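J.: Protein sequences appear in the order of chains A and B. Our numbering puts the last residue of the first sequence at 1580; the count rises by one with no breaks. Our numbering puts the last residue of the second sequence at 414; the count rises by one with no breaks.
Just so you know, the hints here were simulated from the structure itself, not pulled from any lab data. From a predicted model like this one, the values you see are computed outputs, not experimental measurements. Ideal placement from N, C-alpha and C gives every residue a C-beta, glycine not left out.
One-sided excerpt, in silico: chain A residues whose CB lies under 8 Å from chain B:
(1) Asp-1416
(2) Phe-1429
(3) Asn-1435
Chain by chain, the residues run as shown.
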Amino acid sequence: MSTQYETAISSTAEREAVIRDHGGAPEEDWVIVTRGIQRDYDMGGEVVHALRGVDLAVRRNEYVAIMGPSGSGKSTLMNIIGCLDTPTAGEYWLNGQLVSDMSDDELARVRNREIGFVFQTFNLLPRATALHNVELPLVYAGIPSQERKRRAHEALERVQLSDRASHRPNELSGGQRQRVAIARALVNRPAILLADEPTGNLDSGTSAEIMKVFETLATEGQTVIMVTHEADIAANARRIVVLRDGRISSDERRESFAARVALAQAAH
Amino acid sequence: MPFIEAIRLALSQIRAQKLKSFFTLLGVTIGVMFLIAVVAVINGMGRYMEEEFAGKLMGVNTFTLRHRPYFEMNTTDEEWRSYARRQRIMLHDVDPVVAALPPDVMWAVESRDNIPVSTKDMRPRDVDAFAVDGQFFEIRSLDVASGRLIAPHEFANGAKVVVIGQDVKKRFFPTTDALGRELRIGGVPYRIIGVMEEQGSVFGLSVDKFVVGPMKSPLARLLNRRPGIIDGIILKSSSMQGMREGMERVRQVMRGRHHLRPAQPDDFSIETTESALTFWAKIENVLVMAGVVLPAIGLLVGAIVIMNIMLVAVAQRTREIGIRKSLGARRRDILSQFLVEAATLSTIGAIFGILLGVGIAALVEKASPMPASVAPWSVVTAVILGAGVGIVSGMYPAARAARLDPIVALRQE
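Please take these sequences and the hints and turn them into a complete structure.
T.: Below, the structure is given as structure tokens:
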């Protein structure tokens, strides 16, 4: 099964083709297509160009890491992909919907249905149990209580935390907390799992454990986008996009990325 | 987010911070408590005025002719002086007044003062002494518990007989039978021929401390300095309509007797139970004002506290708001979450206030002579006010929470 998805990585030519078609809705298997995304910030009269035209296409079932040094615009890109922010210019298609000019409420709905967030700091509600935390997206989706509980239990099972359902975050280890967050991200069956430095607050052992969960999800067909600045974490993804100064500087399979990194290290 | 969910969330939030919640709802609780209790006392007194006081002291369809109003508040010095200059009502006014009225109208003449009475072996004591004529007992619905009422021939002769109230009986003849015994009023002995039924009390003051004798007896001279003067004429019609017509006829007769020109105002006053109730209504207005102002202050303080607490809550829970937004909460979900929380908080405060207010009303009823009855409308008002205060004071904090940018909110430590 895993090999089937291994080969599912989109080719550069395919991506260029889908990006070139400005204004047109991409075909169904393209989960993310951005065309010329720009994002300017007004910092007290001075305009900062955080993104200067990002063209990114991600096909369903891809496992992509977005890398870049701080200030490269990767956080901004993640916010836009996560529908927490909208671009100043350019178009963003998420799962067949043109997100770039949606209203606040529509964005909230898209965040609820299409995106599952996993944050560096877990962002669980401290007073709520693991189960209740996982239920939250379903509350905003308007799912009745019983169905919510059933699906939340199911999601916790997927991350092997069924036995911790009634624990509060402070009764869980860092790795367990992140798995609760992953369960929460998956519970509404989103189009993409969007992880922002998911291992940033974890030791290397626990990081490996979380990466194994991501790996499993990816092989099961979940589209995963992971933002990180650590090359060895990024290397878990099938495809690695590197941002520099608000533009994509490279977008390649992990094999060629690893080779390039190794070469750069050797040169030092 | 469904409403039930929002309330459940609000309750868990309130439960999580019990002490803070308690202080938050204190203002609303106190405001509502005052509202319920004050309104209950006013309401009880009002009902009492209508049912007991007016009936007991005045009687239904009854009006009184006096030289100055009996139930009046805020009389100015000038008015008071003009009352003092007025002609008094005289005994010889009675016949023309009664003659002007239909035969079914009952009439009585009354003079009254607080004077000392005594017996041979008891020290004098002040009582309410009445010198009366006509159908005084019928109009006042007074009857004897033992003995008999004053007979027509005793009225006609000015016989030295009295009937006494229960308090007078208990005071002077605690163990013995009062009938046939002697009561001294102004040095003159009167024979007790009847003891009246117990009347109870008005505002905790006994109305059983009285003696009644015939107008023509020497008693009248103790109550009014010059002979022939009386305090007033009491008239009772069989209907409201009859009373209104009777009042107008009495007015015309008295104006004629006092030779008033058409432009001159009346120099006497005709009062009904309505006058008593109007008098009460004026007092009630003042009390209601106090009853509104006190709770209003409490609620205002409550609203300010809630707004502050909610602003603090929004600041403290910025991160939570960010998380909720990232998971798909819309502005209105966040808005309603905080609004419901504020409204729930203050409604709980109002419920505590209602319980305390009802408790205070019950305590007043039990421990003091003042009656109190909780007005249903005040309970409804309290709940609405409670929720309203929460919603109004939660509005601004909730709007601030809803407007938060999720990216900024998530970054908050």
